[in-house]
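What follows is each chain in one-letter form.
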Amino acid sequence: MYRYDEFDERFVRERVAQFRDQVARRLDGSLTEEEFKPLRLRNGVYLQLHAYMLRIAVPYGTLSGRQLRQLALIAERYDRGYGHFTTRQNIQFNWPKLRDVPAILDLLADVEMHCIQTSGNCIRNVTADHFAGVAADEVEDPRPTAELIRQWSTNHPEFCYLPRKFKVAVTGAEEDRAAIGVHDVGLRLLRHPETGALGYRVLVGGGLGRTPIVGKVVREFLPKAELLAYLEAVMRVYNAEGRRDNKYKARVKILVHELGEEEFARRVEAEFAQLDGPSINADPEEVARIAAYFAPPAYESLPARSARLEAAKATNPALAGFVTTNVFPHRVPGYAAVTVSLKLIGGAPGDATAEQMRAVADLAERYSFDELRVSHHQNLVLPHVRQDDLPAVFAALAAAGLATANVGLVTDIIACPGLDYCALATARSIPIAQSVAERFRDPVRQQEIGPLNIKISGCINACGHHHVGHIGILGLEKNGIENYQITLGGDASEKTALGERLGPGIAAEEVPEAIERLVEVYLAARGAGESFIDTTRRIGLEPFKAAFQSFARKEVQDAAA
Amino acid sequence: MAKPNQPPLPSILIANDLLDGEVLFRTVSGWSPAVADALVAEDLATARQLEAEAAAATRRQEVVDAYLVEIARDAAGRPVPTHYRERIKTLGPSHRPDLGKQAAEAPAAGR
Amino acid sequence: MPLLDRHGWRDDPFERLENGLVAAAGSVLVPWAVVAEALASRRPGQALGVEVANDLDPAALRPQLAGLDLVSIVFPSYADGRGFSLARRLRRLGFERRLRARGPLIADQLADALACGFDEIELDEASAGRQPIEQWLRAAEAFTANYQRGYATTESILERRRARRNAPDRETAGAF
Ligand code: SF4
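Protein sequences, first through last, are from chains G, C and H.
Under the numbering used here, the first residue of the first sequence carries the number 4, and numbering increases by one thereafter.
Under the numbering used here, the first residue of the second sequence carries the number -18, and numbering increases by one thereafter.
Under the numbering used here, the first residue of the third sequence carries the number 235, and numbering increases by one thereafter.
Simulated from the structure, these hints should not be mistaken for laboratory data.
Only a predicted model underlies this, so the values are computations on that prediction, with no experimental measurement involved.
For every residue, glycine included, the Cβ atom is placed at its ideal position computed from N, Cα and C.
Do not rely on the hints blindly, as some may be mistaken.
Counterexamples of contact, computed for chain C against chain G with all Cβ distances above 10 angstroms [as the list claims (entries may be wrong)]:
(1) P(-11)
(2) L(-10)
(3) L20
Simulated coverage check for chain C against chain G, where a stretch passes if three residues somewhere in it have a Cβ under 8 angstroms from a Cβ of chain G [as the list claims (entries may be wrong)]:
(4) 40 to 51
(5) 74 to 80
Could you build the full structure based on these sequences and the hints that come with them?
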């Protein structure tokens, strides 16, 4: 993991002092609320429905046990004993007082954390593949790149007053677990087909929200050393030319769309050509310095198959089921990555209590080289567990109530906070997730249905990524009541696809039954071993639409009768 | 829905405390965390007064996000927002009856 | 209008004129629309500044730059960061004279403005009234160093790390 050096340490302390001063200036009237709002947002402080909300950066989703413990402490001391892991690999607290935020920032700085740029019209926390350093299909660990971008984008003097927020995601693997196609900038590490040199494929202009668009490749291959200068060029073109007349057209995706991807790329290249790369890019020593922190931990050499695990599985079907769903293969023989599902049936997706955080921190320290990941699916990951230790890890998780074996299944639902917390929401998300999870709670049935991603957003801002859910649910308001639109066929993987609407919106109570109908269509039509999303690709939307619409029509008639 | 510049009626003034974020209701003489204490504007003149108070309290660095909310009365005569968003705001997260104002009001809280 | 730079409030030597007819004897600041006229009619030695919108194409300004003593870039609101990029581009074109940011900026932006190549900020009376000069000067010093190379008025963190690495005393140079 990256560790702060004296410069990072001083920077973060100075940032805390700066925010403390900003709060003081707000309270003494030097700053109006209008002026203060962008400043507090740039430090992750929102005003939600019931209280302020504080969003803490978890850079590229990597945490240590100590850091997670500190989050647990903050949850208890300054919040209501729990936190919410977000779809951007961050964590947010729902009840902090503005007066306490500087003290919370001090506690974060003590463990090399901060809230910098977790909101606001600036470059946000950089996200990355949660299986970085684990996955076998990886060309290079994306985290050194993400850390380099984190530092470069932090308090950038030119790019903190952008037309709109700006999100960057990095992956180093073939399978895209970072959803780079739906970010303002998506970077994919790859080798040049001829020279074998490392570089990036650069996508710009992806995003969800009101106008979902898949990012366009603006550079097929950018040499690795030129990253920062190229990003500076992209940002300058966007800062100067992105629309500021309409907040819904201000994301870079609209600029790319309106100019056309070729023209956008041409302008970026023209700017890039004017820049003096060597005076902007990080020098190779700096890149190597950062990369050294992400060197693989001291793995033992182990057999690829753990006899101990196999024996335990044979006598413990719950463990066997857990291993099937929640364990991801590790590139190092004898190891595995364990996903700790935060999708407890009856819980709020992504929420974890202070006790749960401590339980996971313990496991990370004991079994995973003191490392953890937050996934954009709102789960936690123990990335480097010996297969021999899986029975013990499973038992400890079960004791903490965290052994839900549903990763990637129908109850592993992504949901934004929705109207239960969010001031921008048009409808609730969490109760919908709960009712769908309740309906499909039977673990045997979940296995039978197989991989199925349901994603729920409480408004058009799409923090729940509903457009890229195999089934997407969008909460809106219709005639003074909550109303949910269902989409189908979205995909957040390297086959990025946006879901299509199946028909009219439905009431909250009808959502579980509607999902049931869609699952029935799939089960009836699927071929051997064919997943939900593959079936929808093969048979198309029509059969699903027909089933959904006959259901929705009937509901409307019943309601009218 | 009220027209722009036309305050909703009957209505109450709702806001968040600047320093701690808590939802507050304007009373006859100040702010209260309990909706039952809210001053209800039944007429345009009172609503206008509340609007003026919203602006003034914002300027005084007391509250943020102050605005009027349309209400109805429950059986006990207490004001209840007519829109579900504002109802959630006066109660707390709907899936967590143990949190927010609803927690303090619930008899189960043992007070 | 109040004018400040990294040292505090200062007097504005430039007189703002609405047209290009340079009647005044001293330094003048004219709108972009009349810059050609003003350049043509100014007296020898008379300092001339121009005020431009933040979406001006820097290429349009290029031919005039050599004759100008001041470019003032308007910030319609403090959240509109286009002026920062325009300043960078003007500096890159070789403009070395005075660069001004004009608009309702806030104290925290003095450091950003200086880093992007501005020399000074011209405020309206209302924002100057609310934000005492001490706040600006304190905010400008909020950070010892930033991460970006090629911006700051002080050395960036990357440069400092490099200096550290190359320092003869290698003992202290390692990361912990
Ligand atoms: S999608 Fe809407 S409701 Fe959900 S968190 Fe984002 S802004 Fe709030």
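Structure-based check of each hint:
no.	hint	in the structure
1	P(-11)	holds (13 angstroms)
2	L(-10)	holds (17 angstroms)
3	L20	holds (21 angstroms)
4	40 to 51	holds (count 3)
5	74 to 80	holds (count 5)
Against the hints set out earlier in the document, no violation occurs for any number.
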